[in-house]
Structure formats: structure tokens, C-alpha cells
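Q: Based on the provided sequences and hints, a complete structural model is requested.
Residue numbering for the sequence shown follows full-length UniProt numbering, beginning at 1 and increasing consecutively.
Quick caveat, the hints were computed from the structure, so don't treat them as lab data. Note that the structure is a prediction, hence the values are computed from the model and not measured. Be a bit skeptical, because a hint or two may be false.
Distance condition first, Cα-Cα at most 35 Å in a straight line; then the derived DSBU-like pairs of lysine-lysine [said to hold, decoys possible]:
1. LYS201 / LYS226
2. LYS201 / LYS242
3. LYS242 / LYS226
4. LYS190 / LYS234
5. LYS7 / LYS72
6. LYS190 / LYS226
7. LYS190 / LYS201
8. LYS201 / LYS234
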Amino acid sequence: MNPRVNKIRKSISDRKRSRGLAGSDSTKDLSKNQFSHLQVQEEEKHGYFPIFADQKLPKRSKSKMVSGFILKGILSSILFLGTALLLQTNNDMLDDPKVVASSLLTNEFPFAKVNQWYQQTFGTPLALTPKDNANTPDDSTLALPVSGNISESFQANGEGVLISPDEASTVSVLRDGVIIFAGNDPETNKTVVVQHADGSKSTYGYLSSTNVHLYQFVENNQVIGKFVPSENSKNVYFSIEKDDAFMDPVQVIEVDDRS
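A: This is the structure:
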């Protein structure tokens, strides 16, 4: 046989062999891709978020996150240690800063007073949510938060009054203010506490439901919740506190009516 023919046949055979190897490699790669795709579909079908081992956060973003946490930790530690040293150092020059620091740590921040100043300066209340005009009657006179008979007077407990509505009623705030508590109280269950610009606080307890949130600005007579009488709950608790002393709500309302 012609040597040239043998050489051509050998060349053709080598090409076929090389193509076969390449095809097998591509088949393996394809099968791997199909398997991973089916695995992702199976995980998603059962509610598991697929995890991709190759997806990693860039080193730069990781370093930024770590440095941010470290910086916050350092600043918090400096603030804590600085306050502790200030309160424990006996130096006449530090008496005034001590008073200021102690006042900031112990006294309640006057949200309502700041809000009143902001409203007088800029003309609109300092609030993160728009005013709910539908729940705000136009009457500006003080009144009890809910209609009903007073079942327990201020003289009986020295803190507030209990009001017994005859039917399901809405509960309104005494005057403009800022919500500083809205949740469950150990003594008065579902409760709302409002801080007013004059430094006083009004508390509304034993409510069936509330529709306000923390640090929300509320206007005079705005509805803050509802009360539905039941066998276990027949009264709404209402109290007014100023300068760490409770006031008789009935007298406060009567004085306002006379003025």
C-alpha cells in the first residue's frame, strides 16, 4: 500500500480520536452544568435559597463593613468611658458638665416641647407621618378621653380616674402632644402615654385597641384608640402627671372650661 495513503489514514484517525476526546469533555461539562441547574431547581422547589459557593463579597466591601463596626464600637466605648469618668471625677470645674450629663441621662427628653418650638418656627409639626385629619375633631376644649361615668375618682387611688363607657367608644387624647409609649403596661394593659408641651403626661389605659405609634405627633381630641366593654374590662384608665406628681383630671378639665 502506498505510504502516503497510510499517512493520510493515520492523520484522519488522529483527528477523529482528538474530536472524540473533546466531545467527551464537553459532554462532561454539559452534564455538570445540567446537574447543578437541576440541583438549584430542586432547592428552590422546596423553599431553600440556592447557595453559590463562587459568589463572595468583594474584599473591599468586607473591609468597609468591618471597619465601620470597629469605628462604632470605639466611639461607643469612648462615650461610655468619658461619661463614667466625668461623673466619678471630683473637680469643681466639672460640676456644671456633671449636672448636664446627669440631667440628660435621667430626665425624659421633651419631645412635645421641641415639636411645639418647631411648629411655631416652621409652621408645621415635626412628624414623620402625615396628620390624620379624619380622626381630629375641630373642638379645642379639654374633655375626658371617653364618654361615660366615673366609676373611681382621683381621691380613691391618688393617681387617676376610671371611666365606665356604656358602649363601644373611641378614646381621644386630652391635648396636643407626642406619643412616648404605646403598648402593654403591666398594670393598665394596652396603654398609650402622651407627652405634652407644658411638661405634663396623660395616660390612657385598659384600651381594647390603639391606632398610634411611638413618637407620633397627635392633636387635641385626636382618636388614639378604641374601648369595647366586656366582663373582664369595664373601665378606661385616665391620669395626668406633671413634675412627678399626679393631678386630678376632673379638676384640670374644669379649670380649663372656666378659663
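Q: For the pair supplied as a hint, LYS201 and LYS242, confirm whether the alpha-carbon distance does not exceed 35 Å.
A: Holds, at roughly 6 Å.
Q: CA of LYS190 to CA of LYS226, is that 35 Å or under?
A: holds (11 Å)
Q: Is the straight-line distance between the alpha-carbon of LYS201 and that of LYS226 35 Å or less?
A: Holds - the C-alpha atoms of LYS226 and LYS201 are around 20 Å apart, at most 35 Å.
Q: Within a Cα-Cα threshold of 35 Å, do LYS201 and LYS234 meet the stated pairing?
A: Within the cut-off at roughly 23 Å; holds.
Q: Is the straight-line distance between the alpha-carbon of LYS7 and that of LYS72 35 Å or less?
A: Violated, at roughly 76 Å.
Q: When you check the alpha-carbon spacing of LYS190 and LYS234, does it fall within 35 Å?
A: Distance ~14 Å between LYS190 and LYS234 Cα, so the pair holds.
Q: Can the restraint linking LYS242 and LYS226 be considered satisfied, given a maximum Cα separation of 35 Å?
A: holds (25 Å)
Q: Going straight from one Cα to the other, do LYS190 and LYS201 come out at no more than 35 Å?
A: Answer holds: LYS190 to LYS201 is near 17 Å, not above 35 Å.
In this structure, the one hint that does not hold is number 5.
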